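Novice: Residue numbers (the working numbering), protein chains in the order written: chain A, 1 to 145; chain Y, 1 to 159.
Do not rely on the hints blindly, as some may be mistaken.
Unchecked claim - For the chain A half of the interface with chain Y, some residues (derived, Cβ under 8 Å), not all of them:
id: 1; residue: 24
id: 2; residue: 28
id: 3; residue: 33
id: 4; residue: 53
id: 5; residue: 54
id: 6; residue: 71
id: 7; residue: 73
id: 8; residue: 111
id: 9; residue: 115
id: 10; residue: 118
id: 11; residue: 123
To be verified - Simulated pairs of lysine to any residue, SDA-like, Cα-Cα distance not exceeding 20 Å:
id: 12; chain 1: A; residue 1: 91; chain 2: Y; residue 2: 121
id: 13; chain 1: A; residue 1: 94; chain 2: Y; residue 2: 75
id: 14; chain 1: A; residue 1: 93; chain 2: Y; residue 2: 124
Simulated from the structure, these hints should not be mistaken for lab results. All values reported here derive from a predicted model rather than from experimental measurement. Cβ atoms here follow ideal geometry from the backbone N, Cα and C, with glycine treated the same way.
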Amino acid sequence: MAISQYMEAKVISCPPSTTLKESARLMKANNVGTVIVQRNGKPEGMITDRDLAVKALANGKDINNTTVSEIMSKPAVTASIKDGVYEVIAKMKKSKIRRMPVVNAAGKVVGIISFGDIVGLLSDEFNDLSQAVLSHKGHLAHKAA
Amino acid sequence: MKKLGPIVTIDKNASCGEALELMSKNHIHHLIVTENNDPIGLVSDRDVFFRWFRGNFLSRIEFEQSPVHYLVRTHLPFITEKTTLLEVSEWMQKYGTSALLSKSGKNNWGIVTETDLLISLIGILKKFDFPRSLWLEGQQELSSLLVQRIIESLVQAGL
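Okay, chain Y solo, but in the shape it has when bound (with noise of 0.2 Å):
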């Protein structure tokens, strides 16, 4: 899966305020929190606006000056490459959450997040020619004419 956006990162004794800065400026939804410059988790921009607001918000120096480390979620599975696009989508529902980690080799990571999901999955459709205009009448069966493309692809290639 290709990464299409920036990955910003920030250190979990960063602010809050930092954290907001980052998402705003990059026009993003999630950072990717550090320790000692390795992942540890993601903060995203609806942990933050839960962070200022608890049934009151707090103030805004205070909440500018709270650390990253208290909204960091750092129980979600890492994407590897072995992870199917179905898992992450699994994942992603399970945790609730719009974007994982990602991870290959020591020092290689990223995030991937639902942008760049829905990506891949169009490309499959695409790579198999899959006409628009079935989509575009929206009451089509995606699945048996997909299929039947892909059957004749793999029939076609003799596999």
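This is chain A alone, in the form it adopts within the complex (with noise of 0.2 Å):
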């Protein structure tokens, strides 16, 4: 059960430099709601879609002039392309984030994970998990009768 079953492999990306208005056009067009910022193909930070509309809306910036990293959060904490799904879960838990990217042993983004792909994971075990013990009690049931 590897993570990179489960993490989006599709990952959207800008430089440090990028303009907020540039990073909300990023998330329009392709549908997602966090863009990771790099540099050199490594993670420095993320903004994602509330980040604009509370840190910058809400704070009044100007979408025109204010980069994503001044507003990002930093530093990225990345989940490891060989992380087990507690340890992403611990990993989100103490970081407080919603969203990470994995990366792989050169650091590289290779993906992003979010909690609903692990509530997905998750889900799809007991799926599994509750059809085995449905059909295991069956199994009982018919040879005690």
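Using the hints, put the two chains back together into the complex; each one sits in its own frame.
Specialist: Dropping the structure here:
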């Protein structure tokens, strides 16, 4: 159950000098809520639709002249491609975040994993599990009869 | 499923600016939208963002004065006492939302988020004393081992 099976491999990224307006356009064009801020392929931070709404709009930032580096969440908390589910949950809980870039051994971003991905993964597991338990219970009942 | 975070409501005639302020102040992603004090749907920070930006940004004044009812998602199913965790997960995926309204009885309503769902699922694992070390390895097949653990519990309980 490697997280690589459940992460989103399509990553939308931008350099730190990107303006808030450009980052919003990226989100809209790609229908995503997170843009990874990268320098030379390595994550420096992350900006979300919530950051734009709460940190930019509510605080009256000039979206044409403010760069993502000024309001992004940093440093970027990352998951390793080799991490297990529990490790990812623990990192999200500790850092109070819901989405994380996934990096390979060289530190390059290879995907993004969200709370929703993990919920989906666990739900699939529990679905399989309930089927197996019900099937076994049925088998036991049949044997007893 | 036990609700962990605060339940914050907003009237459908309130403004988007008020919605944003409530979300920011309470560190939450969703608000329950009400009409005459009855819940009619949900609004998320993402909905607010996309109200502000639809290819072009609305001016701050124009955005802040827009009523919340433009954003409210009213087509989402309600969670009841009979809804399973699996159904909650499936609905969240199907409707592309990370929260759903829950209703129990006539006036007892709330909100269930992905966080609540995840914590409930982990709670089940804990109930069966499933070792964390197996998850940490990242490659283990959860199901077969957990099935074994549950079946042992069922046998011990004489079920």
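Novice: Looking back at the numbered hints, which does the structure fail to meet, lowest number first?
Specialist: Violated: hints 6, 7, 8 and 13.
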